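Visitor: Please work from the sequences and hints to get the whole structure.
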Amino acid sequence: MVRRAGRDTARPSAPAGARWWQDAVFYELPVRLFADFDGDGVGDLEGIRGRLGYLDLLGVHALRLTPFYLSPMADDGYDIAGPRAVDPVLGNLDTVDSLLAEAHAAGLRVVLDLVANHTSDKHIWFAAALSAAPGSPERERYHFRDGRGEHGELPPNDWRARDGGPAWTRVADGQWYLHLFGPHEPDLNWTNPEVRADFERTLRFWLDRGADGIHLAAASGMAKHRDLPDADPRGRTDPRFDDDGVHEIHQAIRKVIDEYPHAVSLGGLDIADDERFARYLRPGELHLAVHPRLARTPFDADALQAAVERSLATVASVGAPPAWALAGHGLPRQVTRYGGGTRGLNRARSMALVLLGLPGAVSLRAGEELGLGDTEEGSRAPIPWEGTAPPFGFSALPGGWESIPSGWAPFTVEAQLEDEESTLSLYRRAIELRREHPGFAGDDVEWYGAPPGCFAYRRSPGGLICALNTSAAPVPVPRGDVLLASAPLVEGRLAADAAAWLWVQP
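In terms of numbering that gives the first Met the number 0, the sequence shown opens at residue 0 and continues consecutively.
Certain hints may be false.
[Said to hold, decoys possible] Straight-line distance between alpha carbons at most 20 Å, and here's what the computed DMTMM-like set of lysine to aspartate or glutamate pairs gives:
#1 K254 x D207
#2 K121 x D197
#3 K121 x D93
Hints are computed from structural coordinates only; laboratory data are not their basis.
Source: prediction; values computed, not measured.
Guide: Below is the structure:
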């Protein structure tokens, strides 16, 4: 059993204004899937408190908690009905305060997911909007419009929501409201001062309680073109997202963040154009932004090298640090994405070294350090902690765990802590080396010549070398002392679907 960290109110030590986040390892933690304290079958905040010792043991720098706010749970909690209220299924404000204090005492920072683009359709504001007349102040908090057609029977434009359905829903009086993520999540109107003031209130509410920053979901969606034009038929631009007006919103948010010297602002941005992506990282906007490019790149050395080089060049254009991830909310887990089974696991282990060897910040998603694959629930299965049968210590609730694979006993935290060759042990050692070894000094990446299907990069000036073999046969490794490998070397050669860290002292 992993013990709870000692209770204290101290924040992790760092000089005022220190850029602690620029090379931090963040741990994305889905609250409802991590650990169930009260035995109702749902992970909760007390469950996280009880597992802080494990997170300290893993070695990550910061936790990123997915939404735990009041929500009808139509979208994993990202449909928020009360952004300053805790869902009673998950805990209360006292629990949040205790979690923050104990995490800080363990040297862990805590970043909270916030949603600025939309609310739940169960939010008190939206209920008021539905009851109010067209053109009313209540409706001005959202995007209500008259429809097109002779009787307004057609939506105001041809936009589609991210869930594939229409982006507009008609209400009883004939008007339509905009929802880029589905009808249960109406988009807020950020030209409305009341919307801005309320989000600032939410931001300060959590930062004043001790949160170490925020992660903004849908960070490119808050601003809408005032004319709400139809989609570009050629697909060259997407008027739903990345409107130029969004940058003024981020600048206003950043001004608040900067009043808290320890705080960081992160964002998830799915923007194809590199120059437009980089705009969000200009001084005065987001500190860090993760692009899903690397997570979407196939297990091919040339493609992966191109993705890394492109990402590094993009952030360098505005002087920002890179941020990397291979997993996240809504993405398949690496083991599944790379082919499943033993091959998928081997590739996922190798990519862990590629990821953690790069300069900048890294975001892990809970469970990837265990080598978990997707289940019938996708990446939304609970974390397996101990034991030989579902739910593997996640909850004391008996029965109803058919969605958790019965064969996950070797993947539990308990089993892997006892195995020096486990995926968990690989992650722990990699994070420890990343934190302490001089080879990780410096932000420059130099590329070596490598056999077909392979790459090798070197951190400069530190001297760490990361070699990856995506070919089907073992290959020679670069000269250097082997610090860590995702699979044993084969007669001094790097195995197929494997990676290794080496070091040559500068």
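Visitor: Please go over all the hints and tell whether each is borne out by the structure.
Guide: Taking the hints in turn, this is what the structure says about them:
no., hint, result
1, K254 x D207, "15 Å, holds"
2, K121 x D197, "17 Å, holds"
3, K121 x D93, "25 Å, violated"
Checked against the numbered hints given earlier, the structure breaks only hint 3 and satisfies all the rest.
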